[in-house]
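One line per chain: the protein sequences are V and G, in this order. Last residue of the first sequence? That's 677 in the numbering used here, and every number before it is there in order. Last residue of the second sequence? That's 759 in the numbering used here, and every number before it is there in order.
One should not assume that every hint holds.
Said to hold, decoys possible - Below, computed lysine to aspartate or glutamate pairings styled on DMTMM-like, alpha-carbon distance capped at 25 Å: (1) G/LYS511 with G/ASP650; (2) G/LYS532 with G/ASP610; (3) G/LYS479 with V/ASP639; (4) G/LYS511 with V/GLU652; (5) G/LYS532 with V/GLU652; (6) G/LYS624 with V/GLU648; (7) G/LYS614 with G/ASP646; (8) G/LYS399 with V/ASP639; (9) G/LYS614 with V/ASP628; (10) G/LYS479 with V/ASP628; (11) G/LYS399 with G/ASP543; (12) G/LYS511 with V/ASP630; (13) G/LYS614 with V/ASP630; (14) G/LYS487 with G/GLU437; (15) G/LYS382 with G/GLU598; (16) G/LYS511 with V/ASP639; (17) G/LYS614 with V/ASP651; (18) G/LYS614 with V/GLU644; (19) G/LYS479 with G/GLU513; (20) G/LYS479 with V/GLU648; (21) G/LYS511 with V/ASP628.
Claimed, not checked - To be clear about the criterion: a stretch of chain G counts as covered by chain V if any three or more of its residues have a C-beta under 8 Å from a C-beta of chain V, and this derived list gives those stretches: (22) 473-480; (23) 493-504; (24) 550-564; (25) 629-639.
Unchecked claim - Footprint (simulated), chain G over chain V, 3 or more residues, beta carbon under 8 Å: (26) 643-650; (27) 661-669.
Keep in mind the hints are simulated off the structure, nothing from the lab. All C-beta atoms in this analysis are idealised placements derived from N, C-alpha and C, irrespective of residue type, glycine included.
Below, each chain spelled out in residue letters.
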Amino acid sequence: MSTECHDEVCITCSDQLLSLIVTGVDLDASVARGTVDGLATEVGIELIDEVLVGDVLLCHGGVALQRSAPLEVGA
Amino acid sequence: MKFADEFRDADLARALAARIAGEAGDKHWKIMEVCGGHTHTIFKYGIEDLLPSNVELVHGPGCPVCVIPMGRVDDGIAVAHEPGVIFTCFGDLMRVPGSDGSLLDAKAAGADVRMVYSPLDALKIAQQNPDKKVVFYAIGFETTAPSTALTLLRAKAEGIRNLFVFCNHVTIIPPMKAILDSPDLRLDGFLGPGHVSTVVGIRPFEFVTNTYNKPVVVVGFEPLDILQGVHMIMQQIQEGRCEVENQYRRVVHDDGNPKALEVLARVFKLRSHFEWRGLGFISQSALELRDEFADHDAEKVFSVPGVRVADPKACQCGEVLKGVLKPWECKVFGTACTPETPIGTCMVSSEGACAAYYNFGRYSRARDRERVLASGERPAGNGNGTANGAVAERDLRAIPVQTR
Ligand code: SF4
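Using the sequences and the accompanying hints, generate a full structural model.
Below is the structure:
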């Protein structure tokens, strides 16, 4: 298993969604910055309305697909 | 329940499994989990061992890597070898065997093959290398396709012309229909794919209830999600109901993500047909780029061989993907075919049923093997008398119980 994979599953080509806790939003670039399992990353937010700091976004392939209430789904 | 840990509560899981066992009666239940992520959860948490032997989980075709046919891998490798190409793809895909090696082998032979986490990474590589042609090998179901679509929209908006997509995105409904139409398999219901449903919602699964009279429960990816889904299917049948239910409400909205669907519709159209490993050609089961994106379409810009390649003779991934065969019933499972040296795709991705059995399922396999050898009965999941499902006792003896 590649060390890049999350929880023994390839996060990129699998059907997984990862929870990202938003720490910053760049509306011009349509990206949110945050952490996934403590690792800093950024995701596209074109598909989610009004992303705010503190939101938990469920992401796949570098794009947020859904919003979740804080601390749900293992965030 | 609110937190993920609660969905992993061992006592609750045991209590729910006991309830399932109590309600299962004498009937042999066969429930297919469509999604490879569910397969992974089932093995990681030993859910099969919690369930009674007459409640059988059948592993379906929802592993994105597993369904890629060998010819499409060869096509990708051919493009990767073209001069001036930087070939990008997700990690698992690099190990999928083509007819003459994998993308990793192509990289070792000098092709510029790079792993990315997102097609947006490929877009960045294209921006940083304007003199190169950057190709992204897109795979995955409706969960993954939106990121490819957004990447292409950004490339167009920013005038980045050196990004190309080799599109192998597939859709979940047609293979489910193919499985339901298959005479090989008798199923009682489906655990619906939780994350695909985040995008498409739960309504596309209504054809399963309306046309095939099989219940569907869209479930999450924690062990209690799976067990609850199994119980909900049993309840539906026992109460004479047949519905699409949403167990994964904390994530999945019934209508999915309309914005994501809109983006998909802007960038992709349905292909007339597409080859699935093990399932053959299925009409309107995959996506291709719309004509507006032809300049970014690797299949139009590069000369792609497009040759159909038969799977290796020893490979029984097709039967595994249809749920007709248990992975360990494949003659090369755990011997010639391992995650380190995969012969078939199901052994490559950790979501593939064979890799899941290999990595997590050794106890189940040992238990089944012992039971089958002791009784002479047909193993679970292989009892429909199908041509491909006929594994003789001597074959079982020939398979060493994995000790890894
Ligand atoms: S053991 Fe290997 S060849 Fe056999 S079905 Fe699984 S992946 Fe395919």
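Pairwise hint evaluation, V/GLU652 against G/LYS532, where the allowed Cα distance is 25 Å at most = With Cα atoms ~37 Å apart, G/LYS532 and V/GLU652 exceed 25 Å; violated.
Taken at face value, is the distance from the CA of G/ASP650 to the CA of G/LYS511 at most 25 Å?
-> holds, 10 Å
Per-stretch coverage check for the region 661-669 of chain V, three Cβ contacts closer than 8 Å to chain G | holds (count 6)
Given the hinted pair G/LYS614 and V/ASP630, is their alpha-carbon gap at most 25 Å?
-> Since the Cα atoms of G/LYS614 and V/ASP630 sit roughly 18 Å apart, the hinted pair holds (cutoff 25 Å).
Are G/LYS399 and G/ASP543 close enough, with their CA atoms no more than 25 Å apart?
-> This hinted pair holds, its Cα atoms lying about 24 Å apart.
CA of G/LYS624 to CA of V/GLU648, is that 25 Å or under?
-> holds, 20 Å
Please work out if G/LYS399 and V/ASP639 have their alpha carbons no farther apart than 25 Å.
-> holds, 19 Å
Annotated coverage of the region 643-650 of chain V by chain G, confirmed only when three residues or more have a Cβ within 8 Å = n = 4 at 8 Å, threshold three: holds.
Hint consistency between G/LYS532 and G/ASP610 [alpha-carbon to alpha-carbon, up to 25 Å] = Distance ~21 Å between G/LYS532 and G/ASP610 Cα, so the pair holds.
Within 25 Å, alpha carbon to alpha carbon, are G/LYS479 and V/ASP628?
-> Holds, because 17 Å separates the two Cα atoms, which is no more than 25 Å.
Holds or violated: are the alpha carbons of G/LYS479 and V/GLU648 at most 25 Å from each other?
-> holds, 17 Å
Hinted pair G/LYS614 and V/ASP628, Cα distance within 25 Å = holds, 19 Å
In terms of the numbered hints stated before, the structure departs from hints 5, 16 and 25, listed from lowest to highest.
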